[in-house]
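Numbering of the sequence shown is given in this note's numbering, commencing with residue 1 and proceeding in unit increments.
Because the hints were derived from the structure by calculation, they are not lab data. The model shown is predicted, which means the values in this text are computed figures rather than measured ones. Don't take each hint at face value.
Each computed DSS-like pair below joins lysine-lysine, with the alpha-carbon atoms no more than 27 Å apart [what the hints assert, rightly or not]:
1. Lys210 x Lys192
2. Lys5 x Lys280
3. Lys232 x Lys195
4. Lys113 x Lys169
5. Lys232 x Lys180
6. Lys94 x Lys34
7. Lys180 x Lys192
8. Lys149 x Lys218
9. Lys5 x Lys192
10. Lys195 x Lys5
11. Lys192 x Lys169
12. Lys280 x Lys222
13. Lys180 x Lys136
14. Lys115 x Lys169
15. Lys235 x Lys280
16. Lys236 x Lys218
The calculated label-pair distances, taken between Cβ atoms and stated as ranges, are [unchecked claim]:
17. Phe176 x Arg45: 51 to 59 Å
18. Leu173 x Lys195: 16 to 24 Å
19. Gly67 x Val16: 27 to 35 Å
For each residue, glycine too, the CB sits at the ideal point set by N, CA and C.
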Amino acid sequence: MADSKTFYTYNIEPYVGTNEGPYNLSNSASDVVKRLVTPIRGSHRNIVMDSWYTSLPLSQDLLHEYGLTSLGTIRKNKPQIPAIFSATQRREEKSSLFGFQNDCTLVSYVPRKNKVVLLVTTMHHDASIDQNSGEKNLPEIIADYNRYKCGVDVVDELCGTYSVSRITKRWPLVIFFGFKNIAGINAYVIAKQNKENLGQTCDDRRNCLKQLALALSKPLVKERQLITNLPKEIKKYIELVVGIEEPVSEAAQMAPSTSSSSRCSVCTWKKDRKTKTSCKFCFVKICKEHTIPICDNCYQERK
């Protein structure tokens, strides 16, 4: 369930098939819609659906039990649809037929010959025609449906544009990747709205996702940077790409004093060679045989 203006995904339910025991939930269209709209119950919002979910009983339940209006296309084979609304004979092109019943409105529109489009709504209660539709003579019901039906479709398109999904045969990973894609879109929507409230301009979605990825990875990168035996190439790559200066590690704070002597960490035990010299990176003891002289300038460049 996504907002048709900002494309913020408010609720989602993965389809996991039929389960046993307490996890056995109905997968009927009406039950799925009711579970999805539960968080916005009583908010007097409007729900736009396609023909897979729309039905007259569901529209009435959403209106009276959930405090939500609805708008959606409906199939011609529904038992509540009068035959005259689904008939195509002797119907002029671009003509509309309206039906009213309590708080529900049904419209039948003929876009072309032998083609009928049916919509049911609890938000509209008149036979108004959209003045901006020109020769199409679209009812306002259909014009509003075309205007607000794109929420979920746009979210799917955005997920495909920048996706973290990878090829896998594990369905939990597929769901996890899907949640991450949607979370990235929601994060961008919130960041953009916050920037607009402050009178600022938000970066494009690509840069926002890049900043989000770096922000999520920085704690792990900082933790890895503390590894004393990490190759220097990786350390410099971390500093260059992520922009994290090398911190003082616990090993550096607890580095042994140069006044104490111990065996060289490189020499064999048979040599039993004692030394007071320590490596400036990993702080292990090294003798003169395993020490390479280097000037201060070269040391700073290779650090």
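Cross-check of the supplied hints:
1. Lys210 x Lys192: Given pair Lys210, Lys192 holds - Cα atoms ~15 Å apart, limit 27 Å.
2. Lys5 x Lys280: 58 Å, violated
3. Lys232 x Lys195: Roughly 39 Å separates the two Cα atoms, so the pair is violated.
4. Lys113 x Lys169: 47 Å, violated
5. Lys232 x Lys180: 32 Å, violated
6. Lys94 x Lys34: This hinted pair is violated, its Cα atoms lying about 34 Å apart.
7. Lys180 x Lys192: With Cα atoms ~18 Å apart, Lys180 and Lys192 stay inside 27 Å; holds.
8. Lys149 x Lys218: 39 Å, violated
9. Lys5 x Lys192: 13 Å, holds
10. Lys195 x Lys5: Holds, at roughly 17 Å.
11. Lys192 x Lys169: 35 Å, violated
12. Lys280 x Lys222: 20 Å, holds
13. Lys180 x Lys136: 41 Å, violated
14. Lys115 x Lys169: 42 Å, violated
15. Lys235 x Lys280: Answer holds: Lys235 to Lys280 is near 15 Å, not above 27 Å.
16. Lys236 x Lys218: Holds, at about 15 Å.
17. Phe176 x Arg45: 51 to 59 Å: 29 Å Cβ-Cβ, so the 51 to 59 Å window is violated.
18. Leu173 x Lys195: 16 to 24 Å: The hint (16 to 24 Å, Cβ to Cβ) is violated, given that Leu173 and Lys195 are roughly 33 Å apart.
19. Gly67 x Val16: 27 to 35 Å: Hint holds: Cβ distance 29 Å, inside 27 to 35 Å.
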